[in-house]
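Chemist: Using the hints, position chain B against chain A.
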Amino acid sequence: MHILANALIGLFRHVPRIGSWIALVLVLQSCAAPIERVAARPSGQSSVERVDPGSAGVVEPGLTSPGAARVPAAAERLQAQAAVAYENGDFARALALLERAQRIAPHDGSIYLDMSAAHRAEGREALACQFVRKGLSVPSSSEVVGALEEQLSAC
Amino acid sequence: MQADRRERGKPLTRWLRRWLLGLGLLAFAVMLVATVIAMESLAAMDSRIVKAMNGPRWQIPARVYGRPLELYVGSNTTQQQLVDELENLGYQRDEGMGPGRFDVLGSRVILQTRGFQFADGAEPAQRMQIDWSAGALSGIQNGKGETVDLVRLEPPLIGRISPDESEDRLLVNLDQLPETFIATLLAIEDSRFYQHPGLSLRGIVRAMIANLKAGRFVAGGSTITQQLIKNLFLTNDRTLRRKFTEWPMALLLERRYSKDEILTAFINEVYFAQDRSRAVHGFGLASLYFFGLPVQELQHHHIALLVGLLKGPSYYDPGRRPERATARRDLVLKVMLRDGIIDQGAFERATAEPLSLDQSQRAAQQPAFVDLVRKQLLRDYDLADLEQGGFSVFTGFDPFVQDALESAAASRMAVLDAAEQASGDAGETLELAAVVTAVSNGEVLALLGGRSPRFAGYNRALEARRQVGSLLKPAVYLTALMQPSRWNLTTQLIDKPSPVRLPDGSIWSPENIDGESAGRVSVLEALTRSLNQSAVALGMEVGVDEVLNTLRRLGVQRDVPSLPSVLLGAVELTPLEVARMYQTLAANGFSSPLRAIRSVVSRDGRLLQRFALEIRREVPADALYLLQFALQNVMREGSGRSAYWRLPADLDFAGKTGTSNDFRDSWFAGFGGDYLGVVWLGRDDNRSTGLTGSRGALRIWTETFDQLGDRGLVLSRPAGVSYRWADPDTGHAIDAKCKGARYIPYARGSQPKPPQKTRWFSRCP
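Order-wise, the sequence lines are chains A and B.
FYI, the numbering for the first sequence is 1 to 155, going by my numbering.
FYI, the numbering for the second sequence is 1 to 765, going by my numbering.
Just so you know, the hints here were simulated from the structure itself, not pulled from any lab data.
From the three backbone atoms N, C-alpha and C, an ideal C-beta is built for every residue, glycine too.
Some hints could be false.
So the derived label-pair ranges between C-beta atoms look like this [said to hold, decoys possible]:
{"#": "1", "chain 1": "B", "residue 1": "565", "chain 2": "A", "residue 2": "126", "range": "33 to 39 angstroms"}
{"#": "2", "chain 1": "B", "residue 1": "59", "chain 2": "A", "residue 2": "90", "range": "50 to 56 angstroms"}
{"#": "3", "chain 1": "B", "residue 1": "748", "chain 2": "A", "residue 2": "126", "range": "39 to 45 angstroms"}
{"#": "4", "chain 1": "A", "residue 1": "90", "chain 2": "B", "residue 2": "312", "range": "49 to 55 angstroms"}
{"#": "5", "chain 1": "A", "residue 1": "90", "chain 2": "B", "residue 2": "602", "range": "16 to 22 angstroms"}
{"#": "6", "chain 1": "B", "residue 1": "496", "chain 2": "A", "residue 2": "146", "range": "51 to 57 angstroms"}
{"#": "7", "chain 1": "A", "residue 1": "149", "chain 2": "B", "residue 2": "748", "range": "53 to 59 angstroms"}
{"#": "8", "chain 1": "A", "residue 1": "126", "chain 2": "B", "residue 2": "516", "range": "46 to 52 angstroms"}
In silico negatives: residues of chain A with every beta carbon more than 12 angstroms from chain B [said to hold, decoys possible]:
{"#": "9", "residue": "87"}
{"#": "10", "residue": "102"}
{"#": "11", "residue": "126"}
{"#": "12", "residue": "141"}
{"#": "13", "residue": "153"}
{"#": "14", "residue": "154"}
Output of the computed footprint for chain B on chain A, the stretches with three or more beta carbons under 8 angstroms from beta carbons of chain B [stated by the list, open to error]:
{"#": "15", "segment": "129 to 138"}
{"#": "16", "segment": "144 to 150"}
Same shape as in the complex, but just chain A (with noise of 0.2 angstroms):
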């Protein structure tokens, strides 16, 4: 950087005095700045590894990271057995298995979805309404977060 602003001061020897300062101005500030922008940075271990907190980790919600885990078939299964249950009207077992599931897979909207309709079902608008939106707040894809919006509009 010393090199680049000799060179620059060299450039402007033979330019109005104004030139020389503008010259010198920008190279400092632009060998400081990612110098400081790294320091202002919450620590880590170290200096090198300082990350804003959250900020490495933020995730959009109600869309599916590309990032974010896969849900393990086990959940998958539990979720099509509680189908099975909610189809044969037995939404107290469907719930059952969607808690099981729920413990699986935490970050699925899916499955708070799910979650919804059977309390739905059983009469249970508010507390309902309340899954459908801890739904919206984890990341899903766009299907789940349609439907998990088109339930909300009724709540």
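Modeler: Showing chain B alone in chain A's frame:
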């Protein structure tokens, strides 16, 4: 003469006749009365027998189970954790397969599950092969080689709910018992059980001879039926009176019930041992108590010992008198060999076995957690029902989490004890309490009520109300952040002495912990540094009542006085109440009651109650997100930063320390993506601990979370929040490259503005 004689004899004969008649009538009356009394007595005995045999025969305490381990591809259960779980459940490790057995082959575990009847359905017993690859559970196959998505093991028994002094038993049926078991029991106790009518004449004669020889009552010649009568209705007194009651009752019992019914009752009734305050009855519980095995899995040497113990459970106590117990067991094994129940090879193998006592079932008791379960159940059930009704209570208790918490607490307490001894402090022992919950659903996973986890005494996690100190500050800042038009994370506060006039007219002027005022600071910095003066200034501006309202929204149900000192945590809460409050912060503003129980099932397997997950959004997502950001900053730059000496730097955690006046209480509450943990350290006499939250409680929390392998907090940014580069020292929006610039989240409508005066070539102040 003859006539005279006849004349003289007539009155005599008449008198005699009358006398005999009177005597006969009297005898008849006595016999009638005796018969009536006997009939009445027999009817009363019969009624007692019927009542005892047909009704709820025994008072059975509620049994409390931990969570069943669920195995599936992608789960973070390690191979070692599965092995630990199986050993805790009493699975035997060997190459032969059968229910309750497993083997480890490299990175593969082969096991045969026992199956279990859960509230939501039966889990069948099945053979499984589970593989790990690169440390992750990578595949599950059943005995047919088919891929299986999910396996659920039976839940570990962690305690029971019973009166202080009580009987306990685990009911079993005859068809659950191994074939050799019944044969051995009858060979030793009553070889003619299926032939006699309840009494054995041969046995009685033999006993009478023995009694005559001894000159006192030494033997009773009891059949199994008589022993059952004695155990159910009579005392252990060896008297003739007891025998005269026992015999008719035995005959009545045999008249009423089948041999198999009597034998089943006997098997479940017999006494085996005293385990602290509970009496261990029945072969079902004795099998678990002594060997950690269900009765179905008993081997010959186990059977011989259990049957042998009936003669004198205390005299042959295998724990205290192993030589006697071994000799008795081997004697029973000889009878088994003599009667052809086992062959010579089996006899030799069995006698070569050690007593194989297993203590794990006794160590697995979790009195603090069971205490929480009991308290939660008492909201819906009578105590008598819980203590006698034979309920099964299924909970979310996680032994892995409990182990991590206990080992972290033990190692840290050892260090602190050593430091106290070195300093000559001989006061009340330093105590602790801790709670770990699942962030995703508010289930209580682990609990410590004191430094001795197996001690069923004062449960500090539930009962110790202690000042929370700075743990309460997040509620102050959250109240402010819920008004985005007035406050954001870079709003400037003035940290300086700000005397507050209290309702009684006195002046309260809090200081910071270092006695210095920080001057102008941002909301973010004030919370990160846990500054007292700026917290009070902010709290007074938002209003103490508003802060109390926030506390209620976070789940604090206790009445808290509306005083300014509340802003600095002059509020007494239990560790469980703190966990409830922080649960809402960890769960993105969704409040849910902390649940210890999943379901309750009746003695006959009916689902009585399910404790379903309930949630409710109590705090706006935007404000909660900002607070979580700030609490992460506490962990990176504030009083929680020492956690990163052990935790991975690339994982985010959020938390807050708390220290009450004079260091009486050392607190930490923090969470990642999976778990929330609250730890408290203090003394029962409320003396100083000399520990801040970070020097005491935080160390235990850190060590626990290091073992748990929490995946870290990943914030889900609400639509109403966006990030800006800003200068926390001024609260202005500035360019990323400016000195002191930080990337900070703001709620909609609260984004910072650029400074009025900037350089013409950049947006730096």
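Chemist: Now look at each hint and say whether the structure bears it out.
Modeler: Tested hints:
1. B:565 - A:126: 33 to 39 angstroms: holds (36 angstroms)
2. B:59 - A:90: 50 to 56 angstroms: violated (33 angstroms)
3. B:748 - A:126: 39 to 45 angstroms: Between residue 748 of chain B and residue 126 of chain A, where Cβ atoms are some 26 angstroms apart, the hint is violated.
4. A:90 - B:312: 49 to 55 angstroms: holds (52 angstroms)
5. A:90 - B:602: 16 to 22 angstroms: Because 19 angstroms falls inside the window, the suggested range holds.
6. B:496 - A:146: 51 to 57 angstroms: Check passed, 52 angstroms falls within 51 to 57 angstroms.
7. A:149 - B:748: 53 to 59 angstroms: For residue 149 of chain A and residue 748 of chain B the Cβ distance comes to about 19 angstroms; the hint is violated.
8. A:126 - B:516: 46 to 52 angstroms: With a Cβ separation near 50 angstroms, residue 126 of chain A and residue 516 of chain B satisfy 46 to 52 angstroms, so the hint holds.
9. 87: Holds: least Cβ distance 16 angstroms, greater than 12 angstroms.
10. 102: Violated: least Cβ distance 7 angstroms, not greater than 12 angstroms.
11. 126: violated (8 angstroms)
12. 141: Label holds. Min Cβ-Cβ 15 angstroms, cutoff 12 angstroms.
13. 153: holds (16 angstroms)
14. 154: holds (17 angstroms)
15. 129 to 138: The restraint on the segment 129 to 138 of chain A holds, since 6 of its residues have a Cβ under 8 angstroms from chain B and three suffice.
16. 144 to 150: Result for this restraint: violated, n = 0.
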